[in-house]
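Peer 1: Single-letter residue listing:
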Amino acid sequence: GEEVAQTPKHLVRGEGQKAKLYCAPIKGHSYVFWYQQVLKNEFKFLISFQNENVFDETGMPKERFSAKCLPNSPCSLEIQATKLEDSAVYFCASSQYYGTGGNQPQHFGDGTRLSIL
Amino acid sequence: KQEVTQIPAALSVPEGENLVLNCSFTDSAIYNLQWFRQDPGKGLTSLLLIQSSQREQTSGRLNASLDKSSGRSTLYIAASQPGDSATYLCAVITGGGNKLTFGTGTQLKVEL
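Sequence order for the protein chains is B and F. The opening position of the first sequence corresponds to residue 87 in the numbering used here, with each subsequent residue numbered one higher. The opening position of the second sequence corresponds to residue 4 in the numbering used here, with each subsequent residue numbered one higher.
No lab work stands behind these hints: they were computed from the structure. Don't take every hint at face value.
[Claimed, not checked] Straight-line alpha carbon distances no greater than 16 Å define the calculated EDC-like cross-link-like pairs of lysine to aspartate or glutamate that follow: (1) B:Lys130 to F:Glu6; (2) B:Lys148 to B:Glu128; (3) B:Lys106 to B:Glu164; (4) F:Lys45 to B:Glu89; (5) B:Lys104 to B:Asp172; (6) B:Lys104 to B:Glu171; (7) B:Lys130 to B:Asp172; (8) B:Lys126 to F:Asp42; (9) B:Lys169 to B:Glu101; (10) F:Lys45 to B:Asp196; (11) B:Lys104 to B:Glu149; (12) F:Lys112 to F:Glu20; (13) F:Lys112 to F:Asp42; (14) F:Lys45 to B:Glu128.
All chains should be modelled from the sequences, with the hints used to inform the complete structure.
Peer 2: See below:
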């Protein structure tokens with residue numbers, strides 16, 4: 087598709103439950119990124135993929151968070167044993183990427199709002 | 004560690020005014036800088052991308068400039084319209100990776 091598609095738009099979970107978010111990147115884009123927006127304008131990088139391979143996971147919390155991008159499937163971000171502090175909007179982005187540092191813009195989805203009660 | 008700051012945090016202008024949004028970054032070793040807008044409850048819309056070797060980019064009423072050595076970028080919006088009301092974010096890619104480091108954002112309101 088021509089847009090990054092994220093599902094669901096909203097997700098509500100009780101503390102301790104599992105949450106799973108999905109992202110379909112723009113067709114032809116080989117890089118996928120996950121960002122967390124906790125406060126209004128505070129974005130935190132979580133992880134990026136080059137096709138199905140992890141490219142950079144320096145932002146991923148060591149425990150509870152995992153992500154995958156498998157061929158012919160939407161990418162996913164899964165949070166085990168959710169905590170109140172996981173409440174945030176999770177954005178997925180994709181880009182074509184040539185050369186070091188990236189010469190192509192990242193295009194963002196509309197995000198998934200995760201609320202932990 | 005790269006830090007990105009945007010000034011002002013909020014701005015209210017009458018329709019038709021030309022305006023400038025500022026973005027500064029602490030580490031000048033960036034690969035590119037991207038400007039976004041975010042509407043309430045929505046994702047980020049990419050506005051302009053400036054490569055580190057470029058000085059400016061233009062799209063319609065928008066013009067973004069980059070002074071890498073001084074760690075600054077500006078977004079110029081000409082003849083502002085109420086539809087321009089949104090939060091504007093700048094973000095940079097630094098170092099060997101491709102992750103974005105975001106600024107603090109400028110909330111713009113254009114009034115009739």
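Peer 1: Each of the hints needs a verdict: does it hold here or not?
Peer 2: Comparing the hints with the structure gives:
1. In summary, the hint linking Lys130 (chain B) to Glu6 (chain F) is supported, as the alpha carbons are separated by about 12 Å, within the 16 Å threshold.
2. Of the supplied pair hints, the one linking Lys148 (chain B) and Glu128 (chain B) is violated, its CA atoms being roughly 20 Å apart against a limit of 16 Å.
3. Proximity of Lys106 (chain B) to Glu164 (chain B) is assessed by CA-CA distance (about 4 Å); at most 16 Å being required, the pair is judged to hold.
4. A threshold of 16 Å between alpha carbons decides the hint, and for Lys45 (chain F) with Glu89 (chain B) the separation of about 13 Å falls inside it, so the pair holds.
5. A C-alpha spacing of about 11 Å is found between Lys104 (chain B) and Asp172 (chain B), which places the hinted pair at or below 16 Å, so the restraint holds.
6. With a CA separation close to 14 Å, the supplied pair Lys104 (chain B) and Glu171 (chain B) stays within the 16 Å bound.
7. Taking the CA atoms of Lys130 (chain B) and Asp172 (chain B), the gap is about 12 Å. The hint holds against a cut of 16 Å.
8. With a C-alpha separation of about 12 Å, the suggested pairing of Lys126 (chain B) with Asp42 (chain F) holds against the 16 Å cut-off.
9. About 5 Å separates the Cα atoms of Lys169 (chain B) and Glu101 (chain B), which keeps this hinted pair within 16 Å; it holds.
10. A distance of roughly 5 Å separates the Cα atoms of Lys45 (chain F) and Asp196 (chain B); the hinted pair therefore holds under the 16 Å criterion.
11. In summary, the hint linking Lys104 (chain B) to Glu149 (chain B) is supported, as the alpha carbons are separated by about 13 Å, within the 16 Å threshold.
12. At most 16 Å may separate the alpha-carbon atoms for a hinted pair to count; Lys112 (chain F) and Glu20 (chain F) meet this at roughly 12 Å.
13. Among the hinted pairs, Lys112 (chain F) with Asp42 (chain F) is consistent with the structure: their alpha-carbon atoms are about 11 Å apart, no more than 16 Å.
14. Between the alpha carbons of Lys45 (chain F) and Glu128 (chain B) the distance comes to roughly 15 Å, so the proposed pair stays at or under 16 Å and holds.
When held up to the earlier numbered hints, the structure conflicts with hint 2 and nothing else.
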